[in-house]
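Listed here are the chains, written in short residue letters.
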Amino acid sequence: MPTFNLNINTTMHTVEADADTPLLWVLRDVIDLVGTKFGCGIGQCGACTIHVDGNATRSCLLQVGQAEGLAITTIEGLSKEGDHPVQQAWKSIDVPQCGYCQSGQIMTAAAFLKQNPNPSTEAIRNAMHGNICRCASYNSIEAAVKVASKTSHESHNA
Amino acid sequence: MATGKHIAFSRRSFLKTSALASGGVLIGFNLFQACSSKAKMPVDLSQLNFNDFNAFIKISDEGKVTIFSPNPEIGQGVKTAMPMLIAEELDVAWEDVYVEQAKLDTEAYTRQVAGGSQSIRQSWQPLRETGAAAKQMLVNAAAAQWGVAPTTCTVKAGVISNAKGDTLGYGDVVKAAALLEVPETISLKAPKDFTIIGKAKGNVDIDKIITGQPLFGLDYKAEGMAYACVLRAPAFGQQLVAFDDTEAKAVSGVTAVLRFGDKIAVVAQNTWAAMKGKKALKAEWKQKSKAESTADHDKKLMALLEGDNFKIRRNDGNVKNAFAKADKVIERVYEAPFLPHNCMEPMNFYADVTPEKVHLVGPIQTPEGTARGIAKLLNRDSADIDLQMTRMGGGFGRRLRGDFVFEAAQISNLAKQPIKLVYTREDDMTAGVYRPSTKYKIAAAIRNGKITGYTLKEACVNGNMYGLIPNFFPAGAIENYQVASAQIKSNISTGAWRAPYTNFLASAEQSFFDELAEHLGIDRVQLHMDLLDNAKKNPNPKIKYSPERLQGVLQLAVEKSGWGNSSPGVYQGVSVYYCHNTHVAEVADVVMENGVPVVKNVTCAVDCGIVVNPLGAMNQIKGGILDGIGHAMYSDFGFKDGVPTASNFSTYQLIRMGQTPNVDVHFIESDLDPTGLGEPTLPPIGAAVANAIYKATGQRLTKQPYLHNMNLDTRVVG
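Sequence order for the protein chains is A and P.
Oh and the first sequence: position 53 is 55 in the numbering used here, straight run, nothing missing.
Oh and the second sequence: position 28 is 68 in the numbering used here, straight run, nothing missing.
Everything labelled a hint here was simulated from the structure, so no lab data went into it.
There may be inaccurate statements among the hints.
With a Cα cut of at most 20 Å, we get these calculated EDC-like pairs of lysine to aspartate or glutamate [as the list claims (entries may be wrong)]: (1) A/LYS82 <-> P/ASP245; (2) P/LYS248 <-> A/GLU83; (3) A/LYS93 <-> P/ASP245; (4) A/LYS152 <-> A/GLU78; (5) P/LYS196 <-> P/ASP101; (6) P/LYS640 <-> A/GLU144; (7) P/LYS289 <-> A/GLU83; (8) P/LYS261 <-> A/GLU78; (9) P/LYS640 <-> A/GLU124; (10) A/LYS93 <-> P/ASP247; (11) A/LYS82 <-> P/ASP247; (12) P/LYS261 <-> A/GLU18; (13) A/LYS93 <-> P/ASP136.
Distance ranges between label pairs, derived from CB positions [stated by the list, open to error]: (14) P/ALA343 <-> A/MET3: 50 to 60 Å; (15) A/PRO4 <-> P/VAL281: 32 to 42 Å; (16) P/GLN165 <-> A/MET14: 48 to 58 Å; (17) P/GLU263 <-> A/GLN65: 26 to 36 Å; (18) A/GLN65 <-> P/GLN279: 50 to 60 Å; (19) A/MET3 <-> P/SER690: 50 to 60 Å; (20) A/MET14 <-> P/LYS397: 54 to 64 Å; (21) P/ASN634 <-> A/LYS116: 45 to 55 Å; (22) P/GLN165 <-> A/GLN65: 53 to 63 Å; (23) P/ASP704 <-> A/SER94: 35 to 45 Å; (24) A/THR13 <-> P/ASP713: 45 to 55 Å; (25) A/MET3 <-> P/ASN634: 49 to 59 Å.
Glycine included, each C-beta is placed from N, C-alpha and C at the ideal position.
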């Protein structure tokens, strides 16, 4: 089996896998980073969202053979202490119900706020439209992205 | 103690204690029955005996409290709310409470099931009494040490004080308390003295969820575990004739291909190899029973509704007479499709079947029944079965059925190694246990401007409304009333789906009353208030709902939604319903955007008695409403020659952020015992939306999903 050198959460990992293996399964089965979730396998639900060079990316559609040389961030590496403004906003609003889709939601929101720190409600709703929450915690997700946008500003201005 | 009312502790025999070898006291209890006299309490936490107890409270020497929460967590919040009930009466600071998911056992009868919105309702009294009994023992221990009467002591946040002002922490007296008898009297707090119940408490797993720590079944791993995917018949009613696994076995990482019954398992070193191996299988199938299509079901159900072959579920007065004498008869048929559950975490389970033990780990809503079934399937002693629950990525009724646990156990048994069975999304959606397709025919007899008769016929695939549903509204409100049901049999697997039967029944019924109000020329809300007044006056109604509480929520929803005063271009629809012991009224605000109806806002009034955890309650209420809108408006599912018409989110639509209205929630203030919230806000919303769309478009919607079954070009202007 071929080996690949992956930069995940700023640590280099050498993994053995078939080149067509979606990065999702390498993260989960090989590197033991199970925060990235499997939901649909076809890029429709967003549960497997990670950051690739800072952009929100579906890890079920990215093959490990294409992932060398990319800076990959998973939910486990979003912050050291779970204290990214988006994570903290999720906690303060108490967004999760079953919680399964939430790492994908958080990763989508974090990448979006980096590119659009001061979004309108409409922009938030568009940005989060690709992530399904079967428990339908959407009102809380919308509120939490607004809180995160505000707290990121405050910490920048402090 | 000062505020509580002393009562005899009737559940003394439900509870036992022991001193832990590692320090602290352990309190084991059985929520619903006396513990067996033989039941031994462990002195070591690794030996928790769930045969005789279904939950434990540990109080450490430092006064920290760990509650082993008994009920499965599927996102409904019981892992937070149930410990809140114990902590309230135990009188400890919530910050000092840790919650762990309890393992489960198969022997003792308990209600260790997540379903029917029952967890909180049924455990309300026993969990509080358990907390109060534990507190009493700690107080008794402190009082004995001081040589004072326990009644002179008070407790605040885990600290006991006597009249002189001396204090002892719970941790200081746990050793002594462990040696005491279970108390004969306890005191429960009055609702006004609650410090934890009724206060918003965050999800106890929040830190793990937001940092992606392993929690769910799919995240569970064990030494030497392989992964398995299963190929099942592509159509219902088929059996496996033969298969060729040459290419599957050539996939790198695939270690075995195993047939069990009409299914083929591919076992591999990782999930991707198992999925690839499954795709590479070549199988030949044969139709064993009829390949059914939605068109056949529709035809048969309609024919059933036209006939007389119904079982009468409730009959009041004389409907025949009422319809014969009517000035006018209104009749409508309402239709709903099959629905898959689509939990975000696809079905999966870990199984390790060895000659010594059957070890099972994963997400399941019915652990006891499933474990019993596995013992039978594998012909094992039930003591061999060890089933451990994980947090669940949604349930919605799907994980009440243990079919995937059975598959996992069979595969491990054949492979002779621990395996994790993983469903792909396609497996999950096409090997479902679906909400059955249902049709209702509702008719009303009108005479002299009054509703004098009401009949509802249910035609359903494989199942019918259960229990007390025929005693829901409008039973007792209309003099001549009849509910009847009939079914057709199908080879498609069907089962419970969030708020079984009422999930569509409410849509049908509450749309029908909207239409009736129009025919009668009465305001919709007034009609409902009048009917509920009838129910109040009815001397022998045998009804399940409270007319007063339904009127209360309807009044509150009307006030908060600005009913009758909506802005131009905003169309409102209302719906009011009782199910799962909770009374709910909802008003939907719909606007037309580019000729398509969009729900912009929902006002919801809920009477669920005491609200245990407002934050969790709010999540359940909003989630139920949005889930209800999604499935009423957008989600479609059926069969063509036995094959499901959708298999992933590219062909099956779940509600997404862009379709989501804001939901305003208002509670009726109440001191009554709490009732469930996981289901009851879902059923009414379909009709609130349909009734609003009627105002916007002039179209009466009778078939779900509404957006697929309406004419989007005939809009009423203004």
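Evaluation of the provided hints:
1. A/LYS82 <-> P/ASP245: 18 Å, holds
2. P/LYS248 <-> A/GLU83: Given that 20 Å is the threshold and the Cα spacing comes to 11 Å, the pair holds.
3. A/LYS93 <-> P/ASP245: 10 Å, holds
4. A/LYS152 <-> A/GLU78: 23 Å, violated
5. P/LYS196 <-> P/ASP101: Holds: P/LYS196 and P/ASP101 sit about 17 Å apart, inside 20 Å.
6. P/LYS640 <-> A/GLU144: With Cα atoms ~14 Å apart, P/LYS640 and A/GLU144 stay inside 20 Å; holds.
7. P/LYS289 <-> A/GLU83: 44 Å, violated
8. P/LYS261 <-> A/GLU78: 18 Å, holds
9. P/LYS640 <-> A/GLU124: With Cα atoms ~13 Å apart, P/LYS640 and A/GLU124 stay inside 20 Å; holds.
10. A/LYS93 <-> P/ASP247: Given that 20 Å is the threshold and the Cα spacing comes to 8 Å, the pair holds.
11. A/LYS82 <-> P/ASP247: Distance ~13 Å between A/LYS82 and P/ASP247 Cα, so the pair holds.
12. P/LYS261 <-> A/GLU18: 19 Å, holds
13. A/LYS93 <-> P/ASP136: Measuring from Cα to Cα gives roughly 19 Å; hence the hint holds.
14. P/ALA343 <-> A/MET3: 50 to 60 Å: 59 Å, holds
15. A/PRO4 <-> P/VAL281: 32 to 42 Å: 38 Å, holds
16. P/GLN165 <-> A/MET14: 48 to 58 Å: Once the Cβ atoms are compared, 57 Å apart, the range 48 to 58 Å for A/MET14 and P/GLN165 holds.
17. P/GLU263 <-> A/GLN65: 26 to 36 Å: 29 Å, holds
18. A/GLN65 <-> P/GLN279: 50 to 60 Å: Violated, since A/GLN65 and P/GLN279 (Cβ atoms, about 36 Å apart) do not stay within the stated range.
19. A/MET3 <-> P/SER690: 50 to 60 Å: With Cβ atoms ~31 Å apart, the hint is violated.
20. A/MET14 <-> P/LYS397: 54 to 64 Å: Violated - the Cβ-Cβ distance for A/MET14 and P/LYS397, about 40 Å, lies outside 54 to 64 Å.
21. P/ASN634 <-> A/LYS116: 45 to 55 Å: With a Cβ separation near 32 Å, P/ASN634 and A/LYS116 fall outside 45 to 55 Å, so the hint is violated.
22. P/GLN165 <-> A/GLN65: 53 to 63 Å: Because 56 Å falls inside the window, the suggested range holds.
23. P/ASP704 <-> A/SER94: 35 to 45 Å: At roughly 20 Å between Cβ atoms, A/SER94 and P/ASP704 fall outside 35 to 45 Å, so the hint is violated.
24. A/THR13 <-> P/ASP713: 45 to 55 Å: 53 Å, holds
25. A/MET3 <-> P/ASN634: 49 to 59 Å: 52 Å, holds
In this structure, the hints that do not hold are numbers 4, 7, 18, 19, 20, 21, 23, in rising order.
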